[in-house]
Every structure is written in structure tokens, then in C-alpha cells.
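In order, the protein sequences belong to chains F and Z.
The first sequence maps to residues -8 to 417 in this note's numbering.
The second sequence maps to residues -8 to 417 in this note's numbering.
Hints were generated in silico from the structure; no laboratory data involved.
Heads up, some of the hints might be wrong.
Same chains, same names: a pair is fine if it fits in one copy or spans any two.
Straight line, CA to CA, 16 angstroms or less: simulated EDC-like cross-link-like pairs of lysine to aspartate or glutamate [as the list claims (entries may be wrong)]: (1) Lys327 <-> Glu248; (2) Lys338 <-> Asp369; (3) Lys338 <-> Glu302; (4) Lys327 <-> Glu112; (5) Lys23 <-> Glu182; (6) Lys123 <-> Glu86; (7) Lys191 <-> Glu105; (8) Lys191 <-> Glu372; (9) Lys150 <-> Asp383; (10) Lys338 <-> Glu47; (11) Lys377 <-> Asp223; (12) Lys109 <-> Glu182; (13) Lys150 <-> Asp40; (14) Lys92 <-> Asp230; (15) Lys358 <-> Asp156; (16) Lys109 <-> Asp187; (17) Lys327 <-> Glu372; (18) Lys377 <-> Asp249; (19) Lys136 <-> Asp51; (20) Lys258 <-> Asp53; (21) Lys23 <-> Glu242.
Number of protein chains: 2
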Amino acid sequence: MTNISIVTIGDELLIGQVIDTNSAWMAQELNKAGFWVRRRVAIGDGRDDILNILREESADADIILMTGGLGPTADDITKAVLCEYFNSNLVVNEEALENVKNIFTKILRRPIIESNLKQAEVPAACQVIQNKRGTAPGMLFEKNKKIYISMPGVPHEMKGMMTDDVIPFLKNRFVSDYISHRTLLTAGIGESSLADHISKFESGLPAHIKLAYLPGYGMVRLRLTANAAQADSLERELDLSFANLKLLVKEWLVTDEDITLQEALGKLLTYRKQTISTAESCTGGYVAHLITSIPGSSAYFHGSVIAYDNEMKKKMLSVDPALLSAHGAVSEETVKAMVIGAIRQMKTDFAVATSGIMGPGGGSEEKPVGTVWIAVGDAHEIITRKLWFRFDRQRNIELTAINVLNLLRIFILSRPLQSRLKDLGN
Amino acid sequence: MTNISIVTIGDELLIGQVIDTNSAWMAQELNKAGFWVRRRVAIGDGRDDILNILREESADADIILMTGGLGPTADDITKAVLCEYFNSNLVVNEEALENVKNIFTKILRRPIIESNLKQAEVPAACQVIQNKRGTAPGMLFEKNKKIYISMPGVPHEMKGMMTDDVIPFLKNRFVSDYISHRTLLTAGIGESSLADHISKFESGLPAHIKLAYLPGYGMVRLRLTANAAQADSLERELDLSFANLKLLVKEWLVTDEDITLQEALGKLLTYRKQTISTAESCTGGYVAHLITSIPGSSAYFHGSVIAYDNEMKKKMLSVDPALLSAHGAVSEETVKAMVIGAIRQMKTDFAVATSGIMGPGGGSEEKPVGTVWIAVGDAHEIITRKLWFRFDRQRNIELTAINVLNLLRIFILSRPLQSRLKDLGN
Chain F
-8 MTNISIVTIG
2 DELLIGQVID
12 TNSAWMAQEL
22 NKAGFWVRRR
32 VAIGDGRDDI
42 LNILREESAD
52 ADIILMTGGL
62 GPTADDITKA
72 VLCEYFNSNL
82 VVNEEALENV
92 KNIFTKILRR
102 PIIESNLKQA
112 EVPAACQVIQ
122 NKRGTAPGML
132 FEKNKKIYIS
142 MPGVPHEMKG
152 MMTDDVIPFL
162 KNRFVSDYIS
172 HRTLLTAGIG
182 ESSLADHISK
192 FESGLPAHIK
202 LAYLPGYGMV
212 RLRLTANAAQ
222 ADSLERELDL
232 SFANLKLLVK
242 EWLVTDEDIT
252 LQEALGKLLT
262 YRKQTISTAE
272 SCTGGYVAHL
282 ITSIPGSSAY
292 FHGSVIAYDN
302 EMKKKMLSVD
312 PALLSAHGAV
322 SEETVKAMVI
332 GAIRQMKTDF
342 AVATSGIMGP
352 GGGSEEKPVG
362 TVWIAVGDAH
372 EIITRKLWFR
382 FDRQRNIELT
392 AINVLNLLRI
402 FILSRPLQSR
412 LKDLGN
Chain Z
-8 MTNISIVTIG
2 DELLIGQVID
12 TNSAWMAQEL
22 NKAGFWVRRR
32 VAIGDGRDDI
42 LNILREESAD
52 ADIILMTGGL
62 GPTADDITKA
72 VLCEYFNSNL
82 VVNEEALENV
92 KNIFTKILRR
102 PIIESNLKQA
112 EVPAACQVIQ
122 NKRGTAPGML
132 FEKNKKIYIS
142 MPGVPHEMKG
152 MMTDDVIPFL
162 KNRFVSDYIS
172 HRTLLTAGIG
182 ESSLADHISK
192 FESGLPAHIK
202 LAYLPGYGMV
212 RLRLTANAAQ
222 ADSLERELDL
232 SFANLKLLVK
242 EWLVTDEDIT
252 LQEALGKLLT
262 YRKQTISTAE
272 SCTGGYVAHL
282 ITSIPGSSAY
292 FHGSVIAYDN
302 EMKKKMLSVD
312 PALLSAHGAV
322 SEETVKAMVI
332 GAIRQMKTDF
342 AVATSGIMGP
352 GGGSEEKPVG
362 TVWIAVGDAH
372 EIITRKLWFR
382 FDRQRNIELT
392 AINVLNLLRI
402 FILSRPLQSR
412 LKDLGN
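With these hints in hand, go ahead and build the complete structure from the sequences.
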């Protein structure tokens, strides 16, 4: 199989100031194209580090994809080191120079400075990959039958280059395997219980189909991966295993596609032509953000009231002040009243509400940090859950959001939808 | 200097289904403790991959920290491979077994299954690091004077183990360098212009102080890093360089601490004892989420109206329907009206508003995808900006949020605050 190493360059990765999202995206796209990423390595902006990794990775990989270290500033030394490794020297690439000038005169409308012009210099030994989204060109090298490609670290520039040039080049040049995945998402069951529940299924899988558990935020994703030299019967075989797996986990199944909970919810609402709104206290807009991160969500999402302050709960969601003083903001009664207020004010079929103590401060003996009430409902019925988390603020917010979106999904599925209900499937 | 390699294990990292946030956090903490991470590597759940990386990394690194591959499921093979590498065999660790039993009987209140009990098995050659937050114990090995530590991949379990056990052990065992950072955040100037502006400063820095540019979301973070065997005069020297740098970039300075824009805004509002609210259309709650991700934000954040639907803009923010039909939702007039509505409805000192077309659909010739209007203001004045982005939906949302929060910060600083104004500093 054709092997790829992904190398990301930059001191910021080694001191942890930046989280590397590029290489995950690259791995995903390469995988879809039938290439196997054998290793992802992050190194610093040091000459020796770069030279060493090029030597080491090229011993086992067929292709080395690099990102980062191509900026206009002095700490970006990748190009100089590539010249050294490929025994080459910097020359101006006219097309890249034209591109830099265009970006400054037509798009940024700022004067060009010396360091910007230097971005058009590339090692003479490389084949240039033009950057349609930024100033730093990509560079493709070949040495001892290995391919080396250097791309800028700016995510949308790298992504454009990968999609438009790098992946088409690799598919044309190398034999790619046939790799296929099936992924489903479960909620409400832990990884080990799930593994126990499907252990017979797992041990009965043929050798070329692998099962992986991907736990995250109260949900577990299960992935079947098959690979072979030819497609042939592989897809059918994978479909069969996947159908069996779905049946085994149907009690906890959120979706049988490789999508997020919020995408699954969006599909459900689009299909049912129904609408939602959110009334958020402790999640502070995060539930609305998850919903609106999906393109087309304006078709089913009307809006939200983020009622951080109790006055907001009274005024914007008509929560009874007497109820608030009797039970407090973090209570079953309050989240119920918030759902009622949201449905009335925002005129949606369904609404969700959250109220809790996310920490680190604000807890009491009766209601410690991590205490959360959530509610979902429509004009006829409201259901609630009390949650208790032990994590940090960010994680508590994320887990609350996931829980309330999943509770909403289950609630929606439980509600009749006139004549269309029988078509709904799961 | 003591060198560390971080190795993360799991096929999910190589097919890109998971973004590795663990190693960035680890690098940050190790750096604070004076250790240098030389390399971060992600590999798959394969026997050979794990054995090879242990051999390769131990050639140059003093310490190899591993995470992942310790789950209760069949795809997690790290322990078996560690037995092979260290020529050892699995034995039950009584304390770890007690811990697993406790977690199931006292916290999860679920029956223990066979695979959970197996989590208490460890290679006989290791020293166990007890896991106070989960079932998989950590393992410490020594071979040819190199230290190998294997930790679970679940972030809060790994973090607890690092803080409580691993870092104290390393500090005790190895000589750590003295490393110190100073970081500031700028907005409104590109990386290359900034580099040009401070090029003399950069070239005048002593050899043991390095300057790094960390661009992200319309902002550039500048970091000075110094390292030496002793602290001595290093801190003073670094302070002096940092003071010079701050002076040079003062026009674009957001904060001279290593904090986010939303944290800087929170500090400003807390100091001024003033309050904010948001009226969001295209950002869909993301601005509110950024604000409320900061502990203690309830002191200055009242709430938000997420008015995705135009009816919401009219009803909850009193935007004049005639204005909406005359100018459309994505217009200067609408965001101004949203700010006025937010301040009146939510009774805050300041408010921000966003309205735009985030894509991929919804654009027109007059207002293409990426067109955004933002506004910030108080009861006396409102300022607006038109933005135009060319990116994907997620990035457009994030950039809009960052722009509106920074505009708010600048607006707040421009407003007099009675007697306290002169103490404000920057």
C-alpha cells in the first residue's frame, strides 16, 4: 500500500500554543482517496529537526506531505532547509510573484513589502503548486522515487491546494488501495458496555474488516473499515456487517451516517418540516451555535434567548418570578418554564432549555458545580433530565449541549407526524 | 536539555476522525516545567508501528510519553506491545483492580464486566501510576536510562495523571532548563506587515531570546521565548525586550497577557463594572458562547437574542419591519437597530449585533456569501463595520465573532468611565 507521512512544522506545535487541525483533515481526505497515512509528526522550526525528519520519514514512506513554516517572517525557515536537502537554490517563480502582487493590489489593497515578494521565491529543484488563496506557493520535489510536497500551514490555503492539486496528482501517480468505511453514532451507553454487547459480532468479523471505537462527549462512534486491492464484493460485504451492527446497537443508535448529532437532528427536522428554538442559561449560546454550524439550519432554527441573567428569564421567556424565587434558576420548574416561554415567544414546534452551574465557581452544598437541568418539549408535553458532571467548564458546557440535543432528537422521534410518520424509518 | 517525545496512539488519529488536543496540552505543561518537546508523533494501533516508534524515539529522546490505546476494547493493543518491548508479561495490579471496582460500584453503579477487570492488568516490568479519574492505570518503564510513560487517551484522565504524577516525577528525576515566555496579542494588522514593522527589534534580540509569530483568526500573537540554564537576569532581560515590543505594536495591542480576546474583554468589563449583551443573527450564538466560556462571565454578560429568523428580529429586538423590508436583514440599518433593541431589552451598557451570509448558500449578486455587517454601541453611539469573507461557514462565523468582540473592546476603551478612566492604562 502507498504510505504517506504527514509532517507539520512550527515551534508553536511543540510548545502547545496551537492545536494542529490540519493533519486530521489531511488524513481524512487522503484516506477517502485510498491512501494510508502511516504517521503524523510535528516538529519545530529548526534546521536539524527538519533535515532529520525528511531523512527518517523518507526511509519508510512513499510520500511526505509537509505543512507550515512558509510564512514571510524570520522564524519560517522551511524553504531554506528544503534548498539544503534537495541541493538547490532559491529562484523567483514568475507566476507566484504575479499572484502575490495580485493579492496585494486587488484584494488586500495594501502596499507590498519586501518580505511579501520573497514569498514568490522557491527552490529551483521544485515544481511549483500555485496558491489560489494566499501568497505562499506549494512546492513538489522528487528524490529517489519519493515525493515530497510542502504546503502553507494556513488551513484554507492548504485545503484548497490538497483538493485542487495534491490529491489529483497522487491518485494519478500512485496506485491507491480501495478503502471503505461505515460509521454510526451511539449515545447513552459506555464504550466498555458497548464492546461487551457486540463482542461476538466483533470476533466474527473477517480479517479485512476492522472495528474501531471512537468515544467522545457522552457518545461512542463505531467504525467498520475494510480494505482490499479491489472494490469487487467488498462494499456488499461491508454493507452486510454494518446492517448487523446497526441491529445490535439500535437501542442507542443516533445515526448510521458519519455525521454529527446536530447534523442528524437537522436532517430529522428538515424531513419533518418542523422548527426549533433554544432557551439557554448555562450553555450560553453553545446549543444554538452547534445547531447553526450546519448549513441550511435557518430552515428549521428560529432563534434563541440566552438568558444568563434571571431578569432575562422573566422578561424574555416569561418565567414566573415567584417560581424563580421558590425553586431557583437551576431547577426542573425553571427549565420547564423556559421551554414554554421559548415555544410561545419564538413560535417553534419544539424548544430546549438548559440551566446549571458550570463552574469553577457558583456551586453550593445543595447544588454543587456540575448540577444541570435540561428540558425539551413541544406545546403538549415537556420532558426533563437532571445531569451531574464532574469536569471542567468547557467540557460541562459541551456535554450539556450534547445531552439536550440528543434528548430533543429522541423526543421528536416519539411525537407523531400525521401521515408521514410511517415513512420515517428509525 | 532534556528532550521529550510525545507519542499518541490510535488509528482514529491517522484517518482523521479525531483531532489530537492532548499533545498540545501536554507540550504546554511540559514547557512550563522547563522541558523541551522535540517531536510529537501520532501512529496507528499496530504492533509494528508501536514497536518501531519506541525504538526510533528512544534513540534521541530522554523521555517518551505515550497516550491512547489503553481502552477496554480489542482495538487497543498498547499494553500487549509494551510487554513485548520490555520483555515482560501482564499481571494484575491490586490497587488498580480496587480502583476499577470502586468506580463501577460507587460512581457508575453499573455491573463490572470482564473487559473492565482486565484494565487492572499491567506489564510486570512497569511501575503503576494510579488513575484517580478512570479505570486505565498509567505505566512507567525504564530501559537503557530512558523513561517511557504510557497514559490513557481520555483527556481529563491524562491531564490529572500528568499534573499529579508525571510532571513531579520528571522534575525530580531530570535536570530541567529554565524557559520563560512573554506573549501579547494583536489585531488589525497582518503577519507580514507586523514582521516588517518590528524587523529591527527582531534582529536586535540576543541569541537566547526568540520571537515567534502565531497568526490565527484575524489576530497575530507574538511570543518571546528565552531559555538558559539559570533564571538569574533572564526574567529582567525578557521584561525589557517585552516592554520594547509592546511599545512598538501598541496601535494593534489587544492584551499583553497570554489570554484570549474574550478573556481580555472580560477583564476590561469586570474592571469597569459594566455589562454587555449580544444580538446575533449570522453568528448564531457563537459570540455569546465565546463570552460565556470565560468563568465569571455572568458578572458582566446579561444574555443574548439569537434572531436567526426575521420575525425574531422584529419581536424580540423591536427592529422596525419597514426598515427590514427596505434594507434587508444583512444591512447597516438592521445591525444598528439590533444594537438599540438589545440595549433596551437586555438593559446592558453595551451591545453587539451581527448579520451576514455565512454560506455556502444564501448569497446574491448584491450580497454575496461572506457579506457581514457588525455593530457595537451603547445608549449614546453605535459604530458599524462591513466585513467580507471568502472562507467556509465555520471560519466565517469565527472571524465575524472575533471582529465584533475586538470592535467592542476598542469601543469600550473609547468611552469615558468617570473618575476611573485615568487608571485604565492601555
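Hints that the structure is at odds with (numbers, increasing): As far as the earlier hints go, 1, 4, 5, 8, 10, 11, 13, 14, 15, 18, 20 and 21 are violated by this structure, in ascending order.
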